[in-house]
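Colleague: Given next are the chains, with one letter for each unit.
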Amino acid sequence: KAGVTQTPRYLIKTRGQQVTLSCSPISGHRSVSWYQQTPGQGLQFLFEYFSETQRNKGNFPGRFSGRQFSNSRSEMNVSTLELGDSALYLCASSLGDTTSSPLHFGNGTRLTVT
Amino acid sequence: QQQVKQSPQSLIVQKGGISIINCAYENTAFDYFPWYQQFPGKGPALLIAIRPDVSEKKEGRFTISFNKSAKQFSLHIMDSQPGDSATYFCAAILTGNQFYFGTGTSLTVIP
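These protein sequences, in sequence, are chains A and B.
The numbering of the first sequence is the working numbering, which starts it at 1 and goes up by one.
The numbering of the second sequence is the working numbering, which starts it at 1 and goes up by one.
Hints are computed from structural coordinates only; laboratory data are not their basis.
No experiment lies behind these values; they were computed from the predicted model shown.
There may be inaccurate statements among the hints.
Unchecked claim - Subject to a maximum C-alpha distance of 25 angstroms in a straight line, what follows is the list of computed PhoX-like cross-link-like pairs (lysine-lysine):
#	chain 1	residue 1	chain 2	residue 2
1	B	K15	B	K42
2	A	K57	B	K5
3	B	K68	B	K57
4	B	K15	B	K57
5	B	K58	B	K15
6	A	K13	B	K42
7	B	K58	B	K5
8	A	K1	B	K42
9	B	K71	B	K5
As the list claims (entries may be wrong) - Sample of chain A residues lacking proximity to chain B, with all beta carbon distances greater than 12 angstroms (derived):
#	residue
10	K13
11	S86
12	L111
Glycine included, every Cβ here is placed at the ideal spot set by N, Cα and C.
Build the full structure now, drawing on both the sequences and the hints.
Modeller: Right, dumping it as structure tokens:
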């Protein structure tokens, strides 16, 4: 069974630009969530989509948005990039039906904003 | 505001020793507590998890101890091996699949 795939692996952008990250979940998983990982801050929750609907949202500004398609694939968009947006962005999929449904993470997209 | 507080930030243990990582939470509505292990260049992977009605869960060399009254839980790694060197995250989950992660502990096991 294929794991969670995130593309691209690395991105370098300039301040003010926008970026779109992509995530393909494990087949059969209906929940996709996104996390920002930075040193010292751990994993900060961005949002979660379940069956194309945003079910949960973290405390990030509106520049961070996402969506989920009917095949459960998800995209995350960050507009008007800031230097502080440099981070590893992780996507995770799960069945999403109970709290004990484990998250399966991709290997992340490393975003560098210059 | 960090919903789950994790300590220590980093830990160095000799091979064969016991590694202990602690987490604390405030929200009594959390109903599931997993631990994730992350190797460099990889995403985190589920290691072991516990429900709040259980005080201890053991899987191989990994044990979670849970103290509901103190709102604390910890991960114990017995007979630590160099291959256990990784970053460990505790997490707490609310109904509705809301995950809250700790800030992570970087474990180094010295041969």
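Colleague: Evaluate each hint against the coordinates.
Modeller: Evaluated hints:
The suggested pairing of B:K15 with B:K42 holds, with an alpha-carbon distance near 23 angstroms, which does not exceed 25 angstroms. Annotation: proposed proximity of A:K57 to B:K5 holds, straight-line Cα distance about 20 angstroms (limit 25 angstroms). The hinted pair formed by B:K68 and B:K57 meets the criterion: a straight-line CA distance of about 14 angstroms does not exceed 25 angstroms. At most 25 angstroms may separate the alpha-carbon atoms for a hinted pair to count; B:K15 and B:K57 meet this at roughly 23 angstroms.
For the given pair, B:K58 sits about 20 angstroms from B:K15 by alpha-carbon distance, which is consistent with the 25 angstroms threshold. Between the alpha carbons of A:K13 and B:K42 the distance comes to roughly 22 angstroms, so the proposed pair stays at or under 25 angstroms and holds. Distance hint between B:K58 and B:K5 is fulfilled; the C-alpha atoms sit about 22 angstroms from each other, no more than 25 angstroms. For the suggested pair A:K1 and B:K42, the alpha carbons sit about 18 angstroms apart, so the restraint of at most 25 angstroms is met.
Of the supplied pair hints, the one linking B:K71 and B:K5 holds, its CA atoms being roughly 11 angstroms apart against a limit of 25 angstroms. Listed as outside the interface, A:K13 is consistent with that label: its C-beta sits roughly 21 angstroms from the nearest C-beta of chain B, beyond the 12 angstroms cut-off. Every Cβ of chain B is farther than 12 angstroms from the Cβ of A:S86; the closest lies at roughly 17 angstroms, confirming the non-interface assignment. Every beta carbon of chain B lies more than 12 angstroms from that of A:L111, the smallest distance being close to 15 angstroms; the non-interface claim holds.
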